[in-house]
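Asker: Next come the chains, spelled out residue by residue.
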Amino acid sequence: MNRIARAWDSDIAWSFRHSPVAMLAALVALLIILSAVLAPWIAPHDPFNPASLNLMDGFTPPMEPNAFTGNVFWLGTDNQGRDIFSAILYGARISLFVGFSAVVFAMVLGISIGLLAAWRGGWVDSLLMRIADVQLSFPSILIALLIFGIARGVIPPAYREEMAIWVLIVAIGLSDWVQFARVVRGAALVEKSKEYVQAARLVGAHPARIVLSHILPNVMGPVLVIATIGLALAIIAEATLSFLGVGVPPTQPSLGTLIRIGQGFLFSGEWWIILFPSIALLALALSVNLLGDWLRDALNPRLK
Amino acid sequence: MIAYILRRIVQSVLVMLVVALVSFSLFRFVGDPVATMMGQEASQADREALRDRLGLNDPVIVQFAGFIARAAQGDFGISYRLQQPVMELILSRLPATLELALISGTLAFVLGVGFGVYTALNRRGLLSGAIMTVSLIGVSLPTFLIGILLIWIFAVELQWLPSFGRGETVDLGPWRTGLLTESGRASIVLPAITLGLYQMTLIMRLVRAEMLEVLRSDYIKFARARGLSDRAVHFGHALKNTLVPVITITGLQLGSIIAFAIITETVFQWPGVGALFINSVQFVDIPVMAAYLMLIALIFVVINLVVDLLYYAVDPRLRVDRTAAQH
Amino acid sequence: MTEPLLSVRDLRVEFPTRRGTLTALDGVSFDIMPGEVLGMVGESGAGKSLTGAAIIGLLEPPGRIAGGEIRLRGERIDILSPDAMRRIRGKRIGMVFQDPLTSLNPLYTIARQLTETIRTHLPLSEADARQRAIALLDRVGIPAAARRIDDYPHHFSGGMRQRVVIALALCAEPELVIADEPTTALDVSVQAQIIDLIKEICAERGAAVMLITHDMGVIAETADRVAVLYAGRLAEIGKVKDVILDARHPYTKGLMGSIPTLTQESDRLVQIPGAMPRLSAIPQGCAFNPRCPEVFARCFVERPEPVKIESGRQVSCWIEEWKVGHG
Numbered sequence: 001m002n003r004i005a006r007a008w009d010s011d012i013a014w015s016f017r018h019s020p021v022a023m024l025a026a027l028v029a030l031l032i033i034l035s036a037v038l039a040p041w042i043a044p045h046d047p048f049n050p051a052s053l054n055l056m057d058g059f060t061p062p063m064e065p066n067a068f069t070g071n072v073f074w075l076g077t078d079n080q081g082r083d084i085f086s087a088i089l090y091g092a093r094i095s096l097f098v099g100f101s102a103v104v105f106a107m108v109l110g111i112s113i114g115l116l117a118a119w120r121g122g123w124v125d126s127l128l129m130r131i132a133d134v135q136l137s138f139p140s141i142l143i144a145l146l147i148f149g150i151a152r153g154v155i156p157p158a159y160r161e162e163m164a165i166w167v168l169i170v171a172i173g174l175s176d177w178v179q180f181a182r183v184v185r186g187a188a189l190v191e192k193s194k195e196y197v198q199a200a201r202l203v204g205a206h207p208a209r210i211v212l213s214h215i216l217p218n219v220m221g222p223v224l225v226i227a228t229i230g231l232a233l234a235i236i237a238e239a240t241l242s243f244l245g246v247g248v249p250p251t252q253p254s255l256g257t258l259i260r261i262g263q264g265f266l267f268s269g270e271w272w273i274i275l276f277p278s279i280a281l282l283a284l285a286l287s288v289n290l291l292g293d294w295l296r297d298a299l300n301p302r303l304k
Numbered sequence: 001m002i003a004y005i006l007r008r009i010v011q012s013v014l015v016m017l018v019v020a021l022v023s024f025s026l027f028r029f030v031g032d033p034v035a036t037m038m039g040q041e042a043s044q045a046d047r048e049a050l051r052d053r054l055g056l057n058d059p060v061i062v063q064f065a066g067f068i069a070r071a072a073q074g075d076f077g078i079s080y081r082l083q084q085p086v087m088e089l090i091l092s093r094l095p096a097t098l099e100l101a102l103i104s105g106t107l108a109f110v111l112g113v114g115f116g117v118y119t120a121l122n123r124r125g126l127l128s129g130a131i132m133t134v135s136l137i138g139v140s141l142p143t144f145l146i147g148i149l150l151i152w153i154f155a156v157e158l159q160w161l162p163s164f165g166r167g168e169t170v171d172l173g174p175w176r177t178g179l180l181t182e183s184g185r186a187s188i189v190l191p192a193i194t195l196g197l198y199q200m201t202l203i204m205r206l207v208r209a210e211m212l213e214v215l216r217s218d219y220i221k222f223a224r225a226r227g228l229s230d231r232a233v234h235f236g237h238a239l240k241n242t243l244v245p246v247i248t249i250t251g252l253q254l255g256s257i258i259a260f261a262i263i264t265e266t267v268f269q270w271p272g273v274g275a276l277f278i279n280s281v282q283f284v285d286i287p288v289m290a291a292y293l294m295l296i297a298l299i300f301v302v303i304n305l306v307v308d309l310l311y312y313a314v315d316p317r318l319r320v321d322r323t324a325a326q327h
Numbered sequence: 001m002t003e004p005l006l007s008v009r010d011l012r013v014e015f016p017t018r019r020g021t022l023t024a025l026d027g028v029s030f031d032i033m034p035g036e037v038l039g040m041v042g043e044s045g046a047g048k049s050l051t052g053a054a055i056i057g058l059l060e061p062p063g064r065i066a067g068g069e070i071r072l073r074g075e076r077i078d079i080l081s082p083d084a085m086r087r088i089r090g091k092r093i094g095m096v097f098q099d100p101l102t103s104l105n106p107l108y109t110i111a112r113q114l115t116e117t118i119r120t121h122l123p124l125s126e127a128d129a130r131q132r133a134i135a136l137l138d139r140v141g142i143p144a145a146a147r148r149i150d151d152y153p154h155h156f157s158g159g160m161r162q163r164v165v166i167a168l169a170l171c172a173e174p175e176l177v178i179a180d181e182p183t184t185a186l187d188v189s190v191q192a193q194i195i196d197l198i199k200e201i202c203a204e205r206g207a208a209v210m211l212i213t214h215d216m217g218v219i220a221e222t223a224d225r226v227a228v229l230y231a232g233r234l235a236e237i238g239k240v241k242d243v244i245l246d247a248r249h250p251y252t253k254g255l256m257g258s259i260p261t262l263t264q265e266s267d268r269l270v271q272i273p274g275a276m277p278r279l280s281a282i283p284q285g286c287a288f289n290p291r292c293p294e295v296f297a298r299c300f301v302e303r304p305e306p307v308k309i310e311s312g313r314q315v316s317c318w319i320e321e322w323k324v325g326h327g
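Chains as they are written, first to last, in the numbering used here: chain A, 1 to 304; chain B, 1 to 327; chain C, 1 to 327.
Everything labelled a hint here was simulated from the structure, so no lab data went into it.
Every residue gets a Cβ at the ideal spot worked out from N, C-alpha and C, and that includes glycine.
Careful, some of the hints might be misleading.
What the hints assert, rightly or not - Which residues of chain C face chain B? A few of them, derived with a C-beta cut under 8 Å, are:
#	residue
1	T102
2	L107
3	R119
4	H121
5	L122
6	L168
When you get a sec, could you build the whole thing from the sequences and use the hints?
Answerer: Pasting the structure below:
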């Protein structure tokens, strides 16, 4: 209890309670994440189950009974009679899964590479950081597309569909590790030269132990900031790739896929098919981004 | 100075070689070029003959040298999908992408610097707050959503501007331009805004942050203490110091515009190299992917080089020539 | 009695923060006579630099003058419009900052920075301003001034750059020069030269100097009078000779004890135990009470006001108050 009270009184919590934007963003993000996680239980329909789809329900506008079946859908249906609301819940689930996985992958990779570069120094460090520099000068969406393309070439066509989501995660993760590596390397270099680390090395403490107990805790703040903003970027990257038609397979539509499908109906007046998934994607990306922005400011008062 | 330029050029060539190696590996190891070119029913002997003819039985290093030699002459082979020389495909689509990139890059730079300076100087102003909020939304909005939104408003609802394609084009020698016709100019408006918006917000935020940093610096305080007018302090001193580091990143941003054009070109069905690349990724058209990669790398390296030289020209501290370290 | 050049009365500077308002300067009063050198000493954070910044109207927001008045030749300057204040800065009050390495804009030549300052304040042509600038550089001891004027700041050493900064502060013949730790960032070997230069050149032009430093030694050699600041309050002010030989405030006594002198018998420096309180934790009563060796009950309750003990000499201490009261 005491600890909770202290945490509540800490600077971070203080700045959280005094930032309506951060609180609203946290609320929206939490709401979307919760409903995505609970999608199988709260979604009115299962958009992946062809048996539950009725083509007669197709193109039902939001909140209006369908002309043939009389069914009412909150956010309307698409051309196949799929409930948009349910599709969004399941789509957000896939978007979030890919986003989180890609960020965790990028984080683990980046932290490992950063620590390795700082610890070994010399040519290992130079090589890794050169690679990071070169990669950073190219837009990550290009890197992700390239990795995706290569993976498609390597994986036999029969497995492409089922591997697609993992390829996507790896492609986004690989395009996004550099920030982590740089921050961790910088912090690790600073810590490494400090006396207590030197002392720990002298008395023969295992390098891994020094890294885990001394260096990692010092970089958790910046890493958390990069991870939060990275999550927003990964969600956008996934949506973009899916929108471009090179992301998740159409059988597992993410928010980006839904928008891709909806774009076709923009001219024919079925605006709801594209509007609601777009709003969901925007709300998700924006709230996570705002949280990341706030976190960066809160951890770094100097930057305000 | 000469040594510096030479060193930079050598570095650029090295980067190009690394990218060439990646492209070459794509060619050589991703998918089987023989299987792709001959189909299922070719005999083993035919395959071997083709392997030999393509040089696939040579040592890898010889193949790589051959690849670079051909690439230097613009020969990237034949597209698997379209059965045309890759270079021809790219060259015919490059003007569309370059026109789009150039216009949106100019837009992004001019507006980005303008808004950045304004928000830095009027930090607490109402308009600054509005610009910053909109820019945050701009950064969070995926490019394709901005494009769709613009299409919805200006093409579907208002029907002011076309939603896809380049409109009428005019051939100026090998360069097919859309800028000389009414419909061509109308067609480029929405894609240019879509492509430039993200870069503009980035440049704006960068300029703002950099300018705030500069405004806190000692020489700005000293300039104020000397009684210089706000105009002289802000635009004479602070702006120039702000723009020096901004040039580097802005230059790189302009490079990435060409890469980001992939998304915009898909949304607006713009017949540029980005759309070509997306199709090649979908169909695993390796020669086109490899050539596109080399092209983008070349553009980046050239921009990097130009930006470095520009930086050198703007910042006297880097010109350690004549009176260096005189006391 | 002549009218003071600068007169500061009950100056109060506050910084509103989210945890309450900090009072950085509290009831500071002093005068500077024309042509006089006033030393301002204190530990870092005592408010010396803030006093300087408040006088020339360049307090960093959110810092603000919350009370008191500042008069230049009888005219209030703390309530002037920003533009009127700007015309005083550099023209009537010159300023020299601590770090010459960061005080000059690295992207402009010395000539450009000098002429723009001169032409801001004086109705001179570009050519005349340049002539004046060269003469000034020559006067502050830049060798081959006519040639070096077109160099960039990074071509000069720290000591030379501080000479340039002094030239900049003096280029419109100000009546007062505020020198904020002008030698702290310099090499020890050139510190004395710079101090001598400031004193000499100001004496020659009849400009008064407010010399902000934490170095009592510099004050002893340079200043006519000295003001001692502690935790944003004036502890003691008087002629340098009087204050050094006969310090009255316990803090000043401690400060004097910490200057090493060749004639001193004891082989160790007297240190004041403890540290200056943070602005957020200034004790009730006299701010010095936690560290004062002569503290008594009243010091914890009431804040001592400055008492005049002889002409031009004031001390804020209850012991002096008591002495004055009891003859």
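Asker: Run the structure past the numbered hints and jot down the numbers of the failing ones, going up.
Answerer: 3 and 5
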